[in-house]
Amino acid sequence: KEHHYGILTNRKLEDLLEGTRELDGQDEKRGRLDFALWIKAKPETLMQWPSPWGWGFPGWHIECSAMSTKYLGTRFDIHGGGMDLQATHHTNEIAQSEACNHTAPANYWVHTNMLTVNGVRMSKTAGNGFLPNELFTGDHPMLERGYSPMTVRFFMAQSHYRSTLDFSNEALQAAEKGYKKLMESLSTLEKLQSSNSPSIEIGDLEEKCYDAMNDDFNSPVLIAHLFDAVRMINSVNDKKETISATDIETLKRVMHTFVFDVLGLVDETKTTGGSDVIEGLMKLILDIRRSARENKDWATSDKIRDELKEAGVEIKDTKEGVEWRL
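Start counting the sequence shown at 1; every next residue gets the next number (our numbering).
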């Protein structure tokens with residue numbers, strides 16, 4: 001009786017009762033808003049168990065409460081789910097958990113918004129859903145090609161968890177470019193030279209990054225701050241600006257903390273299996289290309305460059321030599 005049903009959405013019982021209608025089975029309830037904890041099984045039901053109330057199976061609300069209590073205890077920190085589950089399913093989870101365990105099941109509730117595909121909500125009914133492996137391989141009619149796990153992770157982090165996230169080839173390709181640019185800047189950062197006469201300062205960059213995450217896990221704002229750092233790194237590398245040794249170390253700490261630890265990204269070019277073999281093969285290929293260039297065999301040189309690009313390997317000719325990355 002002390003439980004405030006609807007507390008998760010700040011809805012009152014009298015408001016919930018408005019607009020309700022009589023349905024089959026309502027006469028079996030004590031109240032119109034009651035929901036099933038145990039459902040009577042029909043003879044053809046595959047999964048059913050005996051109980052004091054006859055053969056049946058648990059209602060879908062109680063399934064979740066039972067699993068969370070078994071594996072996480074009567075009270076845990078964070079319960080997640082889609083926004084569409086907030087008003088009914090999660091509200092009922094709270095009600096039954098408090099009745100059974102005399103405590104709220106979770107300290108925090110995190111509700112994500114909908115996934116859409118080219119503007120249409122992703123659902124079984126629409127038939128526009130795809131599995132993670134299909135995203136990675138591109139083995140789906142809606143995808144032009146596959147995208148790496150880190151590209152997909154970065155793509156998702158660009159949108160706030162309470163905002164709609166729309167999947168499209170254009171958006172995934174833009175995320176792929178952004179992810180690669182971020183990883184390239186981290187490699188560039190390791191080679192930056194400090195100056196005793198810095199022309200730029202990173203200021204409160206680190207504080208801004210923490211503020212973004214403290215603002216309801218605002219990953220899009222965090223990423224914007226990280227790309228402010230990317231622009232600084234590239235400006236220093238291009239000799240347009242200078243930076244102090246202290247700020248270089250701070251940049252390294254900030255980028256490592258928020259790119260790797262917070263966003264959970266990894267540099268895929270450094271985690272590919274058989275990296276020693278790949279390094280050896282690339283050295284051989286680039287040696288052949290270098291010989292072709294020395295002999296002014298530009299056709300062979302360009303052919304190697306173009307075919308490597310088609311295979312997913314980018315090469316860049318610099319004053320210091322040839323750089324490559326997957």
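Hints in this document: simulated from the structure, not taken from any laboratory.
Note that the coordinates shown come from a computational prediction; the quantities given were computed from them, not determined experimentally.
Some hints here could point you the wrong way.
What the hints assert, rightly or not - Label pairs and their in silico Cβ distance ranges:
| id | residue 1 | residue 2 | range |
| --- | --- | --- | --- |
| 1 | A224 | D287 | 18 to 24 Å |
| 2 | R153 | R121 | 34 to 40 Å |
| 3 | Y5 | S187 | 51 to 57 Å |
| 4 | L72 | D228 | 25 to 31 Å |
| 5 | K319 | A224 | 28 to 34 Å |
| 6 | N169 | P220 | 51 to 57 Å |
| 7 | T88 | K252 | 27 to 33 Å |
| 8 | M156 | N234 | 32 to 38 Å |
| 9 | R121 | T88 | 41 to 47 Å |
| 10 | D287 | K309 | 44 to 50 Å |
| 11 | T164 | P52 | 51 to 57 Å |
| 12 | A299 | G119 | 23 to 29 Å |
Stated by the list, open to error - Okay, derived cross-link-like pairs now, SDA-like style, lysine to any residue, Cα gap no bigger than 25 Å in a straight line:
| id | residue 1 | residue 2 |
| --- | --- | --- |
| 13 | K270 | G321 |
| 14 | K180 | M255 |
| 15 | K319 | D204 |
| 16 | K191 | K240 |
| 17 | K303 | L281 |
| 18 | K177 | D267 |
| 19 | K40 | G59 |
| 20 | K296 | I285 |
| 21 | K12 | F130 |
| 22 | K296 | G321 |
The beta-carbon is built from N, C-alpha and C at its ideal position, and this holds for glycine as well.
Verification of the hints:
no. : hint                    : verdict
1   : A224 - D287: 18 to 24 Å : 41 Å, violated
2   : R153 - R121: 34 to 40 Å : 22 Å, violated
3   : Y5 - S187: 51 to 57 Å   : 55 Å, holds
4   : L72 - D228: 25 to 31 Å  : 39 Å, violated
5   : K319 - A224: 28 to 34 Å : 32 Å, holds
6   : N169 - P220: 51 to 57 Å : 21 Å, violated
7   : T88 - K252: 27 to 33 Å  : 48 Å, violated
8   : M156 - N234: 32 to 38 Å : 25 Å, violated
9   : R121 - T88: 41 to 47 Å  : 18 Å, violated
10  : D287 - K309: 44 to 50 Å : 18 Å, violated
11  : T164 - P52: 51 to 57 Å  : 45 Å, violated
12  : A299 - G119: 23 to 29 Å : 45 Å, violated
13  : K270 - G321             : 20 Å, holds
14  : K180 - M255             : 14 Å, holds
15  : K319 - D204             : 34 Å, violated
16  : K191 - K240             : 15 Å, holds
17  : K303 - L281             : 17 Å, holds
18  : K177 - D267             : 14 Å, holds
19  : K40 - G59               : 10 Å, holds
20  : K296 - I285             : 17 Å, holds
21  : K12 - F130              : 38 Å, violated
22  : K296 - G321             : 17 Å, holds
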